[in-house]
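Undergrad: Join the two chains, each given in its own frame, into one complex according to the hints.
Heads up: the sequence lines are chains Z and P, in that order. Residues 1 to 342, numbered by our numbering, are exactly what the first sequence covers, in order. Residues 343 to 772, numbered by our numbering, are exactly what the second sequence covers, in order.
Please note: incorrect hints may appear among the correct ones.
What the hints assert, rightly or not - Taking lysine to aspartate or glutamate and the DMTMM-like style, the derived pairs with C-alpha atoms no more than 25 Å apart in a straight line are:
no., chain 1, residue 1, chain 2, residue 2
1, P, K454, Z, E340
2, P, K455, Z, E39
3, P, K576, P, E500
4, P, K454, Z, D37
5, Z, K336, P, E453
6, P, K611, P, D641
7, P, K454, Z, E39
8, P, K455, P, E769
9, P, K597, P, D608
None of these hints come from the bench; they were simulated from the model. No experiment lies behind these values; they were computed from the predicted model shown.
Listed here are the chains, written in short residue letters.
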Amino acid sequence: VSGLWYGLVAAMLTVYVVLDGFDFGAGALHLYVAREDRERREVLASIGPVWDGNEVWLIASGGVLFFAFPHAYAAGFSGFYLPLMLVLWLLAARGLSISVRSHLDDPLWRAFWDAALCGSSALMAVVLGAALGNVLRGVPLDASGYFLTPWFTNFHARGAAGVLDWYTLLLGLFALVALAAHGALFLAWRNQGAVRERSLKAARVLWPVVGGGGLVAIVATELVRPEIYRALAARPWAWPLALLAALGLAGVFFFRARDLPAFLSSSAFLAGTLGATAAGLFPLLLPSTIDPKYSITAAGAAAADHGLRIGLAWWLLGMPLVALYMSITFRSLFTKARAEDH
Amino acid sequence: MSDPLFWHRVQFGFTITFHYLFPQLTMGLALLILIFKLRGHEEAARFWLRVLGINFAVGVVTGIPMEFQFGTNWARFSTFAGGIIGQTLAMEGTFAFFLESSFLALALFGEKKLGPRKHLAAVAALFAGSWISGYFIIVTNAFMQHPRGHALVNGRLELVDFTAFLFNSWAIWEYLHNMSASVITAAFVVAGIGAFWTLQGRVRDGAASLRVGIIAGLIACALQLFPTGDRQGKLLAEHQPVALAAMEGVFRAEKYADLAIIGQPDVDKQRLENPIYVPGMLSFLAYGSFGTTVRGLSDFPRDQWPDNIELLYYAYHVMVGLGTLFIALMLLAAWQLRRGVFSRPVLWMLMLAIPFPYIANTAGWMVAELGRQPWLVYGLMRTSEGSSLHVPAGDVAFTTLGFAGLYALLSIVFLFLTGREIARGPEPVP
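Isolated chain P (complex conformation) (with noise of 0.2 Å):
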C-alpha cells in the first residue's frame, strides 16, 4: 500500500473504468441516432439526443482526467514515449474535439433554428468526431501493445514512420472490434429502454427504438466475433502468445490445443482446474488449424508472464462468455421482431440486459491491459519503469478517494437525470 506504482495503477484503472462507461455508448448512439434521423423516426432520435447530452457531458468531464494522468501519474512514460503517442492525443484534439463539441451544442439546441437537413448534418457530425475520437485513442493503445513506425534514439522513443504508426493494423483491428462494441452497448441500451416502454404499455413510444436497437445489436453482436474478434485472437497469437497462453488458461505447450470453456486457473500449480475442453478448438482459433501447437505459459520466462494471470482469465471468458449470450438474445428478439409480436419474457431480457454489454466492454479493457502487462509499451518499457518517481504514494491514494466520492457522486446525478428522461419518454412531434 506505500507503493506508489500500485496507487497510479488504481488510480489510472479506476478513472479510465469509470470514464469508458461514457464514451462507449456516446459513440454508438451517435450512430443509432444518425439511423433514426435517416429512417425517420423524429421523435426517437430527439429522445436519444437528450440522453446523449447528458452521458456526453459525464464523459468530458471524466475524460480530461485521463489526458493530465499522462503527466502527472506516468511522467517517465510521457518523457519516454511523449514524441509518439502526444501526436495522436494533440490530433484527437485537434480533429475530434472540436468537431464534437462544436456540433453537440447546434444538434441538441439547434433543430428549430437548423431545419431538418442542416440538423441532419449536425448528427452527422457529431457522430464523425465520435468515432475520430475512438480511433485516436485506439491508435495510441495499439502502439503500447504493438509498436510501430518508432525508433529508440538517447533512451526516447522517436517517430520515423507516420504511416506505420497511424495505420498500425493492430490499431485497425481493436478499433473495428472496440467500435462495434460502443454499437452493443448502444443497440442494448437503446433496444433495453424500448422494451421498458412496451412493458409499460407505452407500445408507441417503444416501436423505433426495439426495433433499431434490435437490427442494429444483431449486426454488431456477429461482427464482434466474427470478423472483428477472430482478428484479434490471431493478432493476439502471433504477437502477444504469452498473454494468450494467460487469457486461455494454457500452461503447457499443446498441439491440437482444447479451448477451455470454464475452469479455474491455478497459477501456483500451474493447471487448470474443473475445465470443460472443446478439443483441438483452440489451435483452430488461434493458428487456423487444428494441428498447430498453442504455446502455454511455461514456455515463456517468468518475468514476462502478465502479473495478474487470474483477472485477466476470468474477465477473458467473461467477456467472451457474455458476447455469446448477446448473440443468442438478439438472434431471439430479431425473430419477434420479424413476427411482429414481443413476448413478456423476452422484453423483459431485453430490459434486464442493459447493463451487460458495460460489462463485457469492461471485461474486454481489462483484458487489452492486464494482457499487455509487466509492459507499458510492449517489449520497451515496462509498468515499473513508467510511472512518476517524484509523486508520493499518499498524494495519489488520497486523490483516488476524491476521484471515488466525485464519481459517486457524477454517477448518481447521472442516473437521477438519464431516469427522468426515461420516464418521460419521447415525446410526439409537434
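Bound-form chain Z, shown alone (with noise of 0.2 Å):
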C-alpha cells in the first residue's frame, strides 16, 4: 500500500506543480504581458477565479503526505525550516496582492501589488525548482532521522550541501523559465489582444530555452543523482512518462497557431518530467547524503497499513468530487478573460 501512496502523493503534487505553475509563471510575466491597468485586469480576471484552487492542491497534497508518510514531512519539513518559511510569505504576499489590488483606484497602490504578484509569483517557481533539486541530491539525514540544512555552503553539491548550490540553483531557474512558458501559453490561451500577442511572443522566446534548459537539467542530475535514470531504464512501466514529457515538448512546437493544444501539450510535458522523476526516485521519499541507510523510503516513513487502507477509500470517494467542483470553476473558463470581471 505505501507504493500506491508513494504514487498518490506525487500524482497530487504533479497536478499541483501543473495547475499553480501556470499561475505562478502568469504571475511572473504579468509585467511584460500586460502594460496598462486594462491589461493588467485581463491578466488577473484569467487567474482569478482559479489560483485559490490550484493552492489548493498544495494543501491537500501536504495533508496527504502527512497522513501517508508521517515522518517524511515530519523530518522534511523541520529540516528546511527557514526555507519553508518562506514559501509561507511568498504565498502570503502572492494571495494578497492577487485579491487586494483591484480594490483601490490608485496607480501607485496598483503598481505595488502588480510588482509584488511579479516577485513573489518568479520566486516560488524558484523554490519549486530549488526543492525539487533538493530532494534530488539528499539532504544530510542522519542516525537521528532528522536534519537540518544552511542556505548556503559551498555550493558544491556534494558534502555539506546547503538548500542552495549549483544543482539546485539550476534547477530553481529551469523551473522560472518552464513555468513562465507554460504561464504563457496559459494567457495566450485565456486571453485576446494585446495581451495575447505578447503572451505568444514570450512562448516563442522561452521554449526553446526550455528545451535547451531541459537537456542541461538531465545532464547535471545524471551528474548528482545518476540512480534515477538506471532506475527509470529498468522501470518500463515508467517509460510512458518519459514518452509523455517528450511529446508534450513537442507538441508545444507543433501547436503554434492553436491555444489549448499548446497549453495541453504544456501541461503535459510538466506532468511527464515530474512523473518520470518520482518513477526514476521510488521507493526513496528523502535521499540521505551521508549514508543511504539512512534514506526516508516510502516503505520506512509510511503509516500503519490500516490507516492507509482507509485513507484510500476517503481518497478515492473524494477525488471524483474534487473533478466535478473543478469542472464547474473551470467552465467558467471557456470564454475569454475581460477586465470587467477582476
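TA: Written out as C-alpha cells, the structure reads:
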C-alpha cells in the first residue's frame, strides 16, 4: 500500500505544479505581457477564479503526505525550516496581491501589488525547482532521522551542501523558465488582443530555452543522482511518462497556432517530467547524503497499513468530487478573460 | 529565551490565534449570508459576501502556515501522531478546501452569470465547505484532547478504529460549541454594522443586518451556554478533571463545591484570593448534583498540572463572563427588535460589542489548549516531547518576528478594505 500512496502523493504534487505552475508563470510574466491597467486586470481575471483552488492542491498534497508518510513530512519540513517560512511569506504576498490589487483605484497602489505579484510568483517558481533539486540531491539525514540544512555552504552539490548549490539553483532557474513558458501559453489561451500577442511572443522565446535547459538539467541530474536514470531504464511501466514529457514538448512547438492544444501539451510536458522523475526516485522520499541507510523510503516512513487503506477509501470518494468542482470552475474559463471580471 | 520549545509554542500560539480571527467570521457569516439569501435580503447578502471575500483571503493566507507548522515546528509530534491526525488534515483538504475555493469565486463574481438559483447553490456549497472544514479541524483537536481509535505500536500512534476517531464524543460537542461561537462572532459583526448604519441615519441599509444578526445572535448565545457549553464542561469534568480544577481555581477537593464567579488564583499559596462564590454550584454544573465531590489540583501530581494555571483561569472566566453578557445584550436587542424601535444606547452597545466575541472565542481556545497542557496528545505525549529537535531557537524567534510584521501589515490592509466596504454599505438591487 505504501507504494501506491507514493504514486498518489507524487501525482497530487504533479497536479499542483501543473496548475499552480501556470498562475506562477502568469504572475512572473505579469509586468511584461500586461502594460496598462486594463490589460493587467485581464491577466488577473484569467487567473482570478482558479489560483486559490490551484493552491488547495498544495494543501491537499501536503495533508496526504503528512498522513501517508508522517516521518517524511516531519523530517522534511523541520529540516527546511527557514526555506519553508520563506515559501509561506511568498504565498501570503501573492494571495494578498491578487486579492487586494483592484480594490483601490490608485495607480501607485496597483503598481505596488502588480510588482509584488510578479516578484513573489517568480520566486515561487524558483523555489519549486530548488525544492525538487534538494530532494533529488539528498539531505544530510543521520541516525536521528532528522536533519537541518543551512541556506548555502560552498555551492558544491556534494558533501555538506546547503539548500542552495549549483544544482538546486540550476533546477530553480529551469523551473522559472519552464513555468513562465507554461504560464505564457495559459495566458495566450485565456486572453485576446495585446496580452495574447505578448504572451505568444514570450512563449516563442521561452520554449526553446526550456528545451535546451531541459537537456542541461538531465545531464546535471546524471552527475548528482545517476541512480534515477538506471531505475527508470529498469522500470518499463514508467517509460510512458518519459514519452509523455517528450510528446508534450514536441506538441508545444507543433501546436503553435492553436492555443488550447499548446497549453495542454505544455501541461503534459510538466506532468511527464515530474512523473518520470518520481518513478525514477521511487522508493526514496528523501535520500540521505551521509549514508544511504539513513534515507527516508516509502516503506520506512509509511503510516500503518490499516490507516493507509482507510485513506484510500475516502481518497477515492473525494477525488471525483474534486474533479466535479474543478469542472464547474474551469467551465467558466471557456470564455476569454475580461477586465470587468476583476 | 534560548529554549526552542518556548519559541515553538509562541510561534504556533501566535499564528493560530491570529489565523482563527478570520475563519470564525467566515464560517458564521457563510451561514448568515445563506439566511439573507433565503429570506430575500439580496442587498445585504451581496454586501456581506464582499466582506466574506476579503476575510476569506486573509484566512487562507494565514491558514497555510498552520498546516506547515505541524512539520516545521512539531516534527517529533508529526512523526508520532501523523498517521492519525494526518487523516483529518488530508480529508479537510480533499473534502472541504476544494469545495470552498471552487464556490467562493462563483459566489463572489458569478451572480450575474449563474442566475439566482445557481447562485444560491454556490452560497450553500460555500457554507457547507467552511463548516466541513471546521469539523475536520475539530476532530484533529479532539484527538489531542481525548484520544480515541488509536493504538500505540513501536512508539508511534496507529489508527485502529476510524469511526471512533472520526465520531469522538469530544469532537461532536467541541464542534457544536465552536460553531455556535462562530455564529456569535458573525451575528455580532452583522448586527453591530447594522447598528452603525442605523446610528448614521442609514436606517434602510441597517434593517436586514440588524434583524438577522440579532435573531441569529440570540439563538447562538443560548446554544453556546446550553447544551454545548454544559456538555463540554461535563466531558472536561470526566476526562480532564485537573484542567477543570485549574479553570475553576479549585485547589482542594470539595463536596458541594462552590463556583467562583471572580477571584485571583495564587498558585504558590494554593488558594483563590478575594473570591465571590455561588455555593454548591460547581458540583452541580460539573456532575449534575450538588453533593458530588469536585477534585482539586492538590489531588493530582504536580507534573500533571497545566503549566499556566493563572492564564487558564482568567481565560476561562473571561470566556464565561463575556458569554453571559452576550446573552443579556442580545435579549435586550431582541426585545427592541420585537417592539420595532431601537434606542440609541442599545445601538451603540451593539456596535461597540463587535470586538468582544473575538475575545471570547480566543479565550475559549486558550482554555482548551492551556487546559490540555502539559500534554500535546492527552496522556500520550507531552508538549516538551513533540517539538522539532534540530530547529534552533533563534530561527524560530526570527521568523516569529517576521510573522508579527507580516500579520500587522495584513491587519492594516484588512481593516482598511473592510472599512471602505462598510462605509460604502449595501447597494440597492439594480
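Undergrad: Indicate, hint by hint, whether the structure satisfies it.
TA: Consistency of the hints with the structure:
A threshold of 25 Å between alpha carbons decides the hint, and for K454 (chain P) with E340 (chain Z) the separation of about 12 Å falls inside it, so the pair holds. Our distance criterion of 25 Å between C-alpha atoms is met by K455 (chain P) and E39 (chain Z), whose separation comes to about 22 Å. Among the hinted pairs, K576 (chain P) with E500 (chain P) is inconsistent with the structure: their alpha-carbon atoms are about 28 Å apart, more than 25 Å. About 24 Å separates the Cα atoms of K454 (chain P) and D37 (chain Z), which keeps this hinted pair within 25 Å; it holds.
Note on K336 (chain Z) and E453 (chain P): the hinted pairing holds, with a Cα-Cα distance of about 18 Å set against a maximum of 25 Å. The hinted pair formed by K611 (chain P) and D641 (chain P) meets the criterion: a straight-line CA distance of about 15 Å does not exceed 25 Å. Distance restraint check for K454 (chain P) and E39 (chain Z): the Cα-Cα separation of roughly 23 Å lies within the 25 Å cut-off, and the hinted pair is therefore satisfied. Under the criterion of a C-alpha separation no larger than 25 Å, the hint pairing K455 (chain P) with E769 (chain P) is consistent with the structure, at around 19 Å.
Taking the CA atoms of K597 (chain P) and D608 (chain P), the gap is about 21 Å. The hint holds against a cut of 25 Å.
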